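Colleague: Here the protein sequences line up with chains Z and G, keeping their order. Count along the first sequence starting at 1, add 8, and that's the number in our numbering. Count along the second sequence starting at 1, add 8, and that's the number in our numbering.
The set of hints was computed from the structure by calculation and includes no laboratory data. Just so you know, not all the hints are guaranteed correct.
Any copy, or any two copies together, can satisfy a pair, since identical chains are not distinguished.
Claimed, not checked - Straight line, CA to CA, 27 angstroms or less: simulated DSS-like cross-link-like pairs of lysine-lysine:
id, residue 1, residue 2
1, Lys62, Lys96
2, Lys112, Lys130
3, Lys92, Lys46
4, Lys19, Lys92
5, Lys62, Lys92
6, Lys20, Lys112
7, Lys96, Lys199
8, Lys46, Lys199
9, Lys199, Lys62
10, Lys199, Lys20
11, Lys71, Lys112
12, Lys199, Lys92
13, Lys96, Lys19
Just so we're clear, the structure is a prediction, and the values are computed from it rather than from any experiment.
Number of protein chains: 2
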Amino acid sequence: MKTQTPARTNKKQQLLDSALTLFVNQGIDATSTASIAKHAGVANGTLFHHFPSKEALVLALYKSIKQDFALQIKPFQLEANQLKQQAKQVWDQAIEWAVINADKQQFCLQVSQYHQLSSQVKAQVLAEEFGYLPLLIDFGQRHNIIANYPLQLMVDNAHGQFISSSMYLTNHPELVQDTLHREAIFEMFWKAFSL
Amino acid sequence: MKTQTPARTNKKQQLLDSALTLFVNQGIDATSTASIAKHAGVANGTLFHHFPSKEALVLALYKSIKQDFALQIKPFQLEANQLKQQAKQVWDQAIEWAVINADKQQFCLQVSQYHQLSSQVKAQVLAEEFGYLPLLIDFGQRHNIIANYPLQLMVDNAHGQFISSSMYLTNHPELVQDTLHREAIFEMFWKAFSL
DNA sequence: GTCTATAGTGCGATAGAC
DNA sequence: GTCTATCGCACTATAGAC
Numbered sequence: 009m010k011t012q013t014p015a016r017t018n019k020k021q022q023l024l025d026s027a028l029t030l031f032v033n034q035g036i037d038a039t040s041t042a043s044i045a046k047h048a049g050v051a052n053g054t055l056f057h058h059f060p061s062k063e064a065l066v067l068a069l070y071k072s073i074k075q076d077f078a079l080q081i082k083p084f085q086l087e088a089n090q091l092k093q094q095a096k097q098v099w100d101q102a103i104e105w106a107v108i109n110a111d112k113q114q115f116c117l118q119v120s121q122y123h124q125l126s127s128q129v130k131a132q133v134l135a136e137e138f139g140y141l142p143l144l145i146d147f148g149q150r151h152n153i154i155a156n157y158p159l160q161l162m163v164d165n166a167h168g169q170f171i172s173s174s175m176y177l178t179n180h181p182e183l184v185q186d187t188l189h190r191e192a193i194f195e196m197f198w199k200a201f202s203l
Numbered sequence: 009m010k011t012q013t014p015a016r017t018n019k020k021q022q023l024l025d026s027a028l029t030l031f032v033n034q035g036i037d038a039t040s041t042a043s044i045a046k047h048a049g050v051a052n053g054t055l056f057h058h059f060p061s062k063e064a065l066v067l068a069l070y071k072s073i074k075q076d077f078a079l080q081i082k083p084f085q086l087e088a089n090q091l092k093q094q095a096k097q098v099w100d101q102a103i104e105w106a107v108i109n110a111d112k113q114q115f116c117l118q119v120s121q122y123h124q125l126s127s128q129v130k131a132q133v134l135a136e137e138f139g140y141l142p143l144l145i146d147f148g149q150r151h152n153i154i155a156n157y158p159l160q161l162m163v164d165n166a167h168g169q170f171i172s173s174s175m176y177l178t179n180h181p182e183l184v185q186d187t188l189h190r191e192a193i194f195e196m197f198w199k200a201f202s203l
């Protein structure tokens, strides 16, 4: 794997960083490619050298963020007698990432409602995100720890709770370190799923 | 309350209907005011007679939808010994509306990520939507039926589960009448909240 | 790879007749 | 209230020099 020269990577990364900032503050459609280039300190045409279109830029940013998130989640060797504790660690890692990277989390929500990207592409990227969760649910079901609801329904429910919980903490930064709130968040998730 | 002549109301309503259809299929930003007028069978300028701007049209549509939803939820005189059953009825009414009015529900999700409308305005409209839920939670907490988590956290969590559940059913229409799925959806919600 | 300059397009909103 | 016609602007993407 040949590493690109820093100079090359640099402007491309600056464009991605600026795009994220502006997208989150103004919305994707309301952010012009020209303003992204200006914010990144590069020329207008340079953006289209690195990304063939605005849509491609959005997709590249989306993929890089989902990859960043996936790296944050460190899977365990699942054990039945401490599954709840393991679930809490995974859950907390996910929440932690979303709160620290509130802008990235916000952008992902925007992308989910961005019609210029096909649902197919978005679903594909999203499926890779929570690949670990179905394993955990299936394991818990086989050991009679987790309720036998339909798998996809549970995955979607978990995703919904993840979004609402991380947004809640993002909107109330003073509560991020509050154990009462952090435990309440996980308890709701876990109780919904456990037998 | 003086009723407007049908003719007057008609074109305005046609514009709102066409806007909803096009917004959901193409996204709000990607839908031009001209295409809305054309789809509604009225002239371009007529749209700006009824709505001073595109933004005002979006807001009017949003408000009318939230009002429509609120009318669907019929509150109960809460009783401690049948609170779960009452919660299920309210929950099912909400899910029912969202599935039947999938386009309206979808549009509301788009609005939540629509930066042209101020967060303040959106929050105000949203607060009126689920006004009944805090009452139910508070009642359940005082009768030791519902867990003592922070109120706003529970409201947000319920909203998140409502969105993910209704989307799940919308994406799997054949399951809408399936009692197994319908009960699993409510059980996850209720278990998350109950003591 | 990066720049400047601009082509080409489509949009929101207005003006004014009926 | 509804129409036609159009203005002015901002945007994506390209062309071509360096």
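Colleague: At most 27 angstroms between CA atoms: does that hold for lysine 20 and lysine 112 within a copy, between copies, both, or neither?
Modeller: For lysine 20 and lysine 112, the Cα distance is within 27 angstroms only inside one copy (17 angstroms; across copies 39 angstroms).
Colleague: Reference check for the pair lysine 199 and lysine 62, CA-CA at most 27 angstroms: within, between, both, or neither?
Modeller: Answer is neither; intra-copy 43 angstroms and inter-copy 44 angstroms both fail.
Colleague: At most 27 angstroms between CA atoms: does that hold for lysine 96 and lysine 19 within a copy, between copies, both, or neither?
Modeller: Neither way: lysine 96 and lysine 19 sit 39 angstroms apart in one copy and 54 angstroms across, limit 27 angstroms.
Colleague: With identical chains treated as interchangeable, where does the CA-CA distance between lysine 19 and lysine 92 reach 27 angstroms or less: within a copy, between copies, both, or neither?
Modeller: neither (44 angstroms within a copy, 57 angstroms between copies)
Colleague: At most 27 angstroms between C-alpha atoms: does lysine 199 with lysine 92 qualify within a copy, between copies, both, or neither?
Modeller: Answer is both; intra-copy 10 angstroms and inter-copy 16 angstroms each pass.
Colleague: How do lysine 199 and lysine 20 come out at 27 angstroms by Cα distance, when the copy is not named: within, between, both, or neither?
Modeller: neither (44 angstroms within a copy, 47 angstroms between copies)
Colleague: Taking 27 angstroms as the upper bound on the Cα-Cα distance, should lysine 46 and lysine 199 be classified as within, between, both, or neither?
Modeller: Neither, since 49 angstroms and 51 angstroms both go past 27 angstroms.
Colleague: Within, between, both or neither: how does the pair lysine 112, lysine 130 come out at a Cα-Cα threshold of 27 angstroms?
Modeller: This pair counts as both: shortest intra-copy Cα distance 15 angstroms, inter-copy 22 angstroms.
Colleague: Regarding lysine 62 and lysine 92, is the shortest C-alpha distance of 27 angstroms or less found within a copy, between copies, in both, or in neither?
Modeller: This pair counts as neither: shortest intra-copy Cα distance 43 angstroms, inter-copy 49 angstroms.
Colleague: For lysine 96 vs lysine 199, is the C-alpha pair at or below 27 angstroms within one copy, between two copies, both, or neither?
Modeller: Result: close both inside a copy and across copies, 12 angstroms intra and 17 angstroms inter.
Colleague: Reference check for the pair lysine 71 and lysine 112, CA-CA at most 27 angstroms: within, between, both, or neither?
Modeller: within (11 angstroms within a copy, 29 angstroms between copies)
Colleague: Under a CA distance limit of 27 angstroms, which applies to lysine 92 and lysine 46: within one copy, between copies, both, or neither?
Modeller: neither (48 angstroms within a copy, 56 angstroms between copies)
Violated hints for the displayed structure, listed by number in ascending order: 1, 3, 4, 5, 8, 9, 10 and 13.
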